[in-house]
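Peer 1: Chain by chain, the residues run as shown.
There are 2 protein chains.
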Amino acid sequence: MNFTIQNVLIPAEPGYQTIDVQIQAGRIAAIAPNLEVIGTVVDGRHKLLLPGFVNAHTHSSEMWQRGIIPPAPLELWIAELYDFAPPDPEQVYLSALGTAIETLLSGGTTVVDHLTLIPGQEIETIAAAVRGYREVGIRAFVGPLIQDESLTASLPAGGKAWEPLPCAETAESLLMLMQEVVEKFHRPDEGIEIMVAPTGFQLCSDELFKGLVALSQQHQLCRHTHLLETKAQKMLAHEKYGCSAVQQMQHLGFLGAKTSLAHCVWLDDADITLLAATQSTVVHNPLSNLRLGSGIAPVFKYLQAGVNVTFGCDGAASNDSQDLLEAIKIGSLLHDVTDFDYRNWISPRQAIAMASLGGAKGLGLAEELGSLTVGKQADLVLYDLTRLALLPRTDPIGLLVLGRPTEAVHSAWVKGDRVVADGQVVNVDVDQLRQTLFDRSEWVFNRHSLNVQQFETHYRSVMGLPT
Amino acid sequence: MNFTIQNVLIPAEPGYQTIDVQIQAGRIAAIAPNLEVIGTVVDGRHKLLLPGFVNAHTHSSEMWQRGIIPPAPLELWIAELYDFAPPDPEQVYLSALGTAIETLLSGGTTVVDHLTLIPGQEIETIAAAVRGYREVGIRAFVGPLIQDESLTASLPAGGKAWEPLPCAETAESLLMLMQEVVEKFHRPDEGIEIMVAPTGFQLCSDELFKGLVALSQQHQLCRHTHLLETKAQKMLAHEKYGCSAVQQMQHLGFLGAKTSLAHCVWLDDADITLLAATQSTVVHNPLSNLRLGSGIAPVFKYLQAGVNVTFGCDGAASNDSQDLLEAIKIGSLLHDVTDFDYRNWISPRQAIAMASLGGAKGLGLAEELGSLTVGKQADLVLYDLTRLALLPRTDPIGLLVLGRPTEAVHSAWVKGDRVVADGQVVNVDVDQLRQTLFDRSEWVFNRHSLNVQQFETHYRSVMGLPT
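Chains A and B, in that order, give the protein sequences.
431 is the number of the first residue of the first sequence in my numbering; add one for each residue after it.
431 is the number of the first residue of the second sequence in my numbering; add one for each residue after it.
Since the hints were derived computationally from the structure, they do not count as laboratory data.
Here the structure is a predicted model, which means the values were calculated and not measured.
Check the hints yourself; a few may be wrong.
Note that identical chains are pooled: a pair holds if it fits in a single copy or bridges any two copies.
[Stated by the list, open to error] Dumping the calculated DSS-like pairs for lysine-lysine here, alpha-carbon to alpha-carbon at most 30 Å:
1. K845 / K590
2. K806 / K670
3. K664 / K640
4. K806 / K614
5. K806 / K664
6. K664 / K731
7. K640 / K806
8. K614 / K661
9. K806 / K845
10. K661 / K731
11. K731 / K477
12. K670 / K477
13. K590 / K661
Input sequences plus hints: build the corresponding full structure.
Peer 2: Encoded structure:
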């Protein structure tokens, strides 16, 4: 399908211009005034066209636990998450639909799903999520969340008696699994890519990292992992490696231009220099960093060092929203309290660029996505500027980023296919999805974690908290 | 009108219960299972009933400048705000409508409007805002924003040459104005109250504060002001008074159980003790504190000292949203990064209580509002728990506070009048309001502040920023 968007606002330098945009064969074919009509005409009046954003880090199936875990530090939060039985493949499919839809309706055209695997049904898990993403029509990078150490290994010993439990998984079996996953699901031309995505150094052996780096090189895959989300992880890295986790990642060959690293809250200046030198991307997840009390990532330092930074919602059990505009707003404003010099603050236009071109860069797609450029793939979002939250009219991007627009996405295209039209998801019946999610869940009135107590005493001791 | 809400979820200790709620003659008449039907039946199934929240600090007419001022520190942001011509009374009316509607649709049944007055049309300004609030049916506390010193007086000298300009207003004329305002508009029984609301110590004389305290005592009015939003203000207080601003407020008799203080970012421990001792209320505005880089208010310290804390959206030129659920989410999660001990963190239920009963307390209405208690006035909000962002079902309050629900307000009552039904504002045609706001505004493509340059050199110098 081809489209001609007429008389739409797009950002210009300076200001905005009103213009026509042609979408042809999946790409932006032309941007100019008064273009010849090709395909379907879309009325762009009172609307703003932007490149689609990237929800650059989430865990889709956490949607089944959203709203339920109280604010707690990552190490205890994750223990509580382990209380819940794994979802079944149908649930994975449903939460992929939900994640894709919430992402699309808040400006995202690409989702990076660091996907929790159902034990014994790993291939089925990925198949279910991919089915959901294909159905919605969103571009998806799926990074199966794998680890060959047990959860207890993720806490530093801190000089105390703390013996991690063994883990059932081995690097060898996981690498074989990943080989199969790549063969079965990695289809870049169709907008579905597999990433190598070890959970994080706190749960993975060097052997697993090395094997995944080799696999990524063999198939030109993106690399993705959690990195230094918490102070406890920073302590652990020094215990485990005798150096920083970033230095170890570099040593293992994991950093690079197609590597994106979720969180990066606890890096020091030398680490930041390494990220810049390797052209690695930081995925900033401001909401989960607040909710888990992880800290405020040093985003101004990253930007000043030339490190590419983009935004993620993180999984819905630690945010608990997949609203990308919320992540962009908070992720850009949060840092103003870390530096009195407002000349370093992130402007709404910078935030938009970080969320679009910054996201594309982290996936090795800066030449293909992330800006309104003729020849790039048409991953585009059209915002209705007549929503109450975007009125009165002032600066469209200021309103979008600094406000709290809801229901503002009028249309969205991925690879030139229109996946949202008139504010409605085109390919999925959202009301039916709501009914299914409702039917497959129940109110939780009063629960207590079984797993947290196993960790809490040691956690408080090693973090120096009063017992 | 009377109502019987049937089979609705309400919070219980622990968990929730499904129950009926009767609304009669403006009050909560009964809360029990299987109540006799009185008045209109409302189906409460799959819905959560909570007391209405208070949007405890905003400036409604800033809606005309939302989205337009880039992130900047308060002192430069306000200089930029002064670039804009004052609104006309019709614009004040329209932005009061918009503020009331956005507040209602995000769970608020009361708005505290620290209202900027149009010079020479002060009474007309208040009349216009009150007309808007009465029309929507929201409970409104209007505090006319008054000051008898010029904007230049709000910057500390910091030992530099800095001579504040004179101000056209006098304390005497402002106090006469306020006397008239109280007589004309203060109607507590009708849900419209006038507050004494000097802009802040940085722009007001002791004489003005004292006169307003006397007026508030004469008419039992609430008191409201900005307090120590920025580091510059803390510096100024010591220059101006030789003591902290809080000590000066106490000296002037401004603190008390019906006094609410917006921001309170830069208080020290002795100040906090004073707030607790006087039962004053802190209004936390997390979004504007981030956007203006003011800092993170020490909210855990307030709570630990027994100071009442509630939430505000702040004006739409410094947030730029009137979404109270956003303020509650960010205002409760933001502080997790200030204290590693998660036992001090704010739970979703605490956040809800701060936004409802905490808001009522700050307005001297804790006996009348803020909880689901038989006999209290029926300021209530019914949330539709089947919205996509609130699914799958888990913990309803967790989903509401930690998620990012949109269009979740099914119904709202103020003084027992239903002002939102089936997700629609009852008394105002929102589509027509959108059209009017659209018609009365235009896109701003490229603007530069005229006023900022007057302040910037001195600001950078006195704040120790590189020039």
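Peer 1: Determine which of the earlier numbered hints do not hold for this structure and return their numbers in increasing order.
Peer 2: Hints 1, 2, 5, 7, 8, 11, 12 contradicted; others consistent.
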